[in-house]
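Number of protein chains: 2
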Amino acid sequence: MNIVIIGGVAAGAKAAAKIKRLLPDAKVSIYTDDTHVSYSSCGLPYYIQGNFTDYRMLLVRSVEEFNAAGIDVFLESRVEKILLKQKQILVCNKTEAYLVKYDKLIIATGARAIIPNIHGVKNFDNVYTLRKIEDGIKIREKMLNSKRAVIIGSGYIGLELLEAFVKNGLQVTVIERSSRLISSFDADMSELIRQRLESVDKRNFEFLTGEIVTEILGENRIATSVKTHSGKVFETDMILICAGVTPNSELAKEAGLEIGKSGAIKVNKLMQTSIPDIYACGDCCEEPHIISGKSVWVPLGSTANKEGRCAALNAAGIYSPFEGVLGSSVSRCLNTTMSMTGLNEKQALEAGFTPVSAVVSKTDKVAYMPDVGDITLKVLADKHSGLLLGGQAIGALGADKRINSLATALLAHLTVKEFKHNDLTYSPPYSTTIDPLLDAMSILCSKINKHC
Amino acid sequence: MNIVIIGGVAAGAKAAAKIKRLLPDAKVSIYTDDTHVSYSSCGLPYYIQGNFTDYRMLLVRSVEEFNAAGIDVFLESRVEKILLKQKQILVCNKTEAYLVKYDKLIIATGARAIIPNIHGVKNFDNVYTLRKIEDGIKIREKMLNSKRAVIIGSGYIGLELLEAFVKNGLQVTVIERSSRLISSFDADMSELIRQRLESVDKRNFEFLTGEIVTEILGENRIATSVKTHSGKVFETDMILICAGVTPNSELAKEAGLEIGKSGAIKVNKLMQTSIPDIYACGDCCEEPHIISGKSVWVPLGSTANKEGRCAALNAAGIYSPFEGVLGSSVSRCLNTTMSMTGLNEKQALEAGFTPVSAVVSKTDKVAYMPDVGDITLKVLADKHSGLLLGGQAIGALGADKRINSLATALLAHLTVKEFKHNDLTYSPPYSTTIDPLLDAMSILCSKINKHC
Chain A
11 MNIVIIGGVA
21 AGAKAAAKIK
31 RLLPDAKVSI
41 YTDDTHVSYS
51 SCGLPYYIQG
61 NFTDYRMLLV
71 RSVEEFNAAG
81 IDVFLESRVE
91 KILLKQKQIL
101 VCNKTEAYLV
111 KYDKLIIATG
121 ARAIIPNIHG
131 VKNFDNVYTL
141 RKIEDGIKIR
151 EKMLNSKRAV
161 IIGSGYIGLE
171 LLEAFVKNGL
181 QVTVIERSSR
191 LISSFDADMS
201 ELIRQRLESV
211 DKRNFEFLTG
221 EIVTEILGEN
231 RIATSVKTHS
241 GKVFETDMIL
251 ICAGVTPNSE
261 LAKEAGLEIG
271 KSGAIKVNKL
281 MQTSIPDIYA
291 CGDCCEEPHI
301 ISGKSVWVPL
311 GSTANKEGRC
321 AALNAAGIYS
331 PFEGVLGSSV
341 SRCLNTTMSM
351 TGLNEKQALE
361 AGFTPVSAVV
371 SKTDKVAYMP
381 DVGDITLKVL
391 ADKHSGLLLG
401 GQAIGALGAD
411 KRINSLATAL
421 LAHLTVKEFK
431 HNDLTYSPPY
441 STTIDPLLDA
451 MSILCSKINK
461 HC
Chain B
11 MNIVIIGGVA
21 AGAKAAAKIK
31 RLLPDAKVSI
41 YTDDTHVSYS
51 SCGLPYYIQG
61 NFTDYRMLLV
71 RSVEEFNAAG
81 IDVFLESRVE
91 KILLKQKQIL
101 VCNKTEAYLV
111 KYDKLIIATG
121 ARAIIPNIHG
131 VKNFDNVYTL
141 RKIEDGIKIR
151 EKMLNSKRAV
161 IIGSGYIGLE
171 LLEAFVKNGL
181 QVTVIERSSR
191 LISSFDADMS
201 ELIRQRLESV
211 DKRNFEFLTG
221 EIVTEILGEN
231 RIATSVKTHS
241 GKVFETDMIL
251 ICAGVTPNSE
261 LAKEAGLEIG
271 KSGAIKVNKL
281 MQTSIPDIYA
291 CGDCCEEPHI
301 ISGKSVWVPL
311 GSTANKEGRC
321 AALNAAGIYS
331 PFEGVLGSSV
341 SRCLNTTMSM
351 TGLNEKQALE
361 AGFTPVSAVV
371 SKTDKVAYMP
381 DVGDITLKVL
391 ADKHSGLLLG
401 GQAIGALGAD
411 KRINSLATAL
421 LAHLTVKEFK
431 HNDLTYSPPY
441 STTIDPLLDA
451 MSILCSKINK
461 HC
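Protein chains in written order, with this note's numbering: chain A, 11 to 462; chain B, 11 to 462.
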């Protein structure tokens, strides 16, 4: 049995390790165009920040460890083509092109940064995206010799880099084309995130929303400023493109595998693509949403790991359906925790629900405790059925605690009425007597009273 | 409508406030033998520690606030008797005894510290229990002038006081009659708690397990040492009795209300006692356990609040069943978080389950993060059905996050197989890529494989 895996960051690395354990006699090989395999790309902002200085801390399994486990790893080896009929892939490295046979193929090509249509965006060496280890190394090096940075985009990665740069003393401008920051959150929560961040230390950074960067200016491959559609110009030593990601699904598409509406590879619950013996997992493929039931594309490291494991199990012949995602996530920027799960308001409407919401602002522990912080929690439920749909929490550490409890409730398809009986832990250093989640349920109950 | 509430710390205070809002025209009165009403007794260890210095921070609602809401509060007014036929209570204060009529009676008499059978235990002024605000004030005053303390008992309150005393520079001896600390945890987790605490700072405190204090020695009402059954003697400046609590159910029992096996007042889901128009809530009554279905007695502040609210709703004629408890709790001692929910091994066996367990020790966030800690998590499930039964977590902040997710799963009666698909949040400062909870589910799956 010849098992070939394309890509080896999270899903691919996990799939390779798992399938080799399941089928010790199989030949398992990873082909990747990357210079590294099996690493924590989510940790790159913390490497850049200087929370640790050796980037090798990010490596989960080294090539040597894979080899010791009997797995071959081919770095800087780009798969250019999948030949379905022949069950072969075409691999190109620096010196040669060659064909490799497979019995089972697992595609884990991940996602890449979106490069917006900005004049000059490709002309400069100090314009960065952050996906790979080399990106992180280059950005950290440059940051240590910079005074100003412009970040284009205000999603999780943009805000994590804002923290990294501010903590390293840079003056930072975040430019967001949308009218608000981090638009995966509902508008009211987005606004609270902005207020909270701006209240921390407004001297070191500024947010510009509703501004589109149209041009990057500079010379000798060194960008020195960006210009926006309204004519504003910002001088800078480095520019970070954090405008979102797009799935690396071209290889699959070109081979004729079915692609979903999101642009990511379509798979069934067994992580099988539309072609027998070809599986996909991680940031390159879609997944079912547990609440909406629809196919969604939510590229996250935790999901990639689970899908990699699941693809390996199914490819090895062990029935192991992947039940889907809730889109649960958490990120930190300058002591603000931002976390969410399930559907936001827009997604809930699109999925055919009638969302009602409760927003609770409360201390994260009893107010007399010395290190008290605050949390704003928003919970959404369907007005007709009382079904919990999703939630968002921002504020102190502990915001994510509430979101994980809510995620578990979403997994179980609980209603507001059922959740309000939840027996959550309480002690003054950990929570208020009535947890914000339970307050939110009380408010929701009063909005959908026939079910409460 | 004349509504009388006996007791006013958590459940009673909540019930009074709620029922007055529901029935603005009703006469609502609280009778309590306490000197204060509506306060956070869970916060007393932090007041003693000095996290804040004004005990009034512990007050949730003052007498004046109750009065302003139209609620009468009678402090230091002990209810000596309930006259069922006459629907009256007999109240005694410092100067007089009098009768009060009721239409609805809500009993919220709480619990009191157990005083073990120790020779001399009542002879000294520096032997304390901790339940009320005056207790806290006295203990803090004495602590500030003490060098040594003996704590008898190692439950949550004993360990919270250990933290308070150690942080104030005292040399502390904790003496526990059982063979291990904090026996609400399973033996393996108890042992880990002990190891973890002892690894912090062994110079300032010691644990003695399997030792029974038989005598307190001293003179002129000042205790100076304790003696154990094995003949050990410990000199000390103050002694704390933290040997558990017992429900204040005598008043109810004497009136003929049904009392449960635990010794606490029996109530139905509407918080009604065996006598019409008499409700009970909080630490004085039993509650159903969501997993075992049995009546249990789990005296906790969070539950007291919910039951107080529920008793008020039902007494006001609004059908509002209380669905029960999971026994979820959390406590901190010297940077160790201890948290649990659901059934422990012993309780699971008693409830007729066949518990299997998974224990996972893991970092609380990705290991390269600067403030990484560790967590040990134990999850129990039924071998036959795969039903999740309970769990315990100890270690860094974030242990309780896992327990709250698990509590939500218990509320929803999820199986291991269902939980293993949970989409929990991940980011390096908050969790490992695979959360310890999901690791525990994988291990449990392999132990009950027909369901996984």
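What the hints contain is simulated information worked out from the structure, not anything from laboratory work.
On a predicted model such as this, the values are computed, not experimentally measured, just so you know.
Mixed in with the good hints, there may be bad ones.
As a list, the in silico DSSO-like pairs of lysine-lysine whose alpha-carbon atoms are at most 30 Å apart [claimed, not checked]:
hint : chain 1 : residue 1 : chain 2 : residue 2
1    : A       : 430       : B       : 356
2    : B       : 30        : A       : 393
3    : A       : 430       : B       : 37
4    : B       : 111       : B       : 152
5    : A       : 276       : B       : 427
6    : A       : 30        : B       : 276
7    : B       : 427       : A       : 430
8    : A       : 30        : B       : 37
9    : B       : 427       : A       : 304
10   : A       : 30        : A       : 142
11   : B       : 177       : A       : 427
12   : A       : 430       : B       : 157
13   : A       : 427       : B       : 427
14   : A       : 279       : B       : 427
15   : A       : 271       : A       : 142
16   : A       : 242       : A       : 263
17   : B       : 279       : A       : 430
18   : B       : 177       : B       : 132
19   : A       : 276       : B       : 430
20   : A       : 393       : B       : 28
21   : B       : 142       : B       : 111
22   : A       : 177       : B       : 304
23   : A       : 28        : B       : 152
24   : B       : 356       : B       : 427
25   : B       : 263       : B       : 177
26   : A       : 142       : A       : 28
27   : B       : 304       : A       : 430
28   : B       : 430       : A       : 304
29   : B       : 30        : A       : 30
30   : A       : 356       : B       : 430
31   : A       : 430       : B       : 430
32   : B       : 132       : A       : 430
33   : B       : 271       : A       : 28
34   : B       : 142       : A       : 427
Exercise. Which earlier hints can't be squared with this structure?
Worked result: Checked against the structure, the hints that fail are numbers 4, 6, 8, 11, 12, 16, 22, 23, 25, 29, 32, 33 and 34, while the rest are satisfied.
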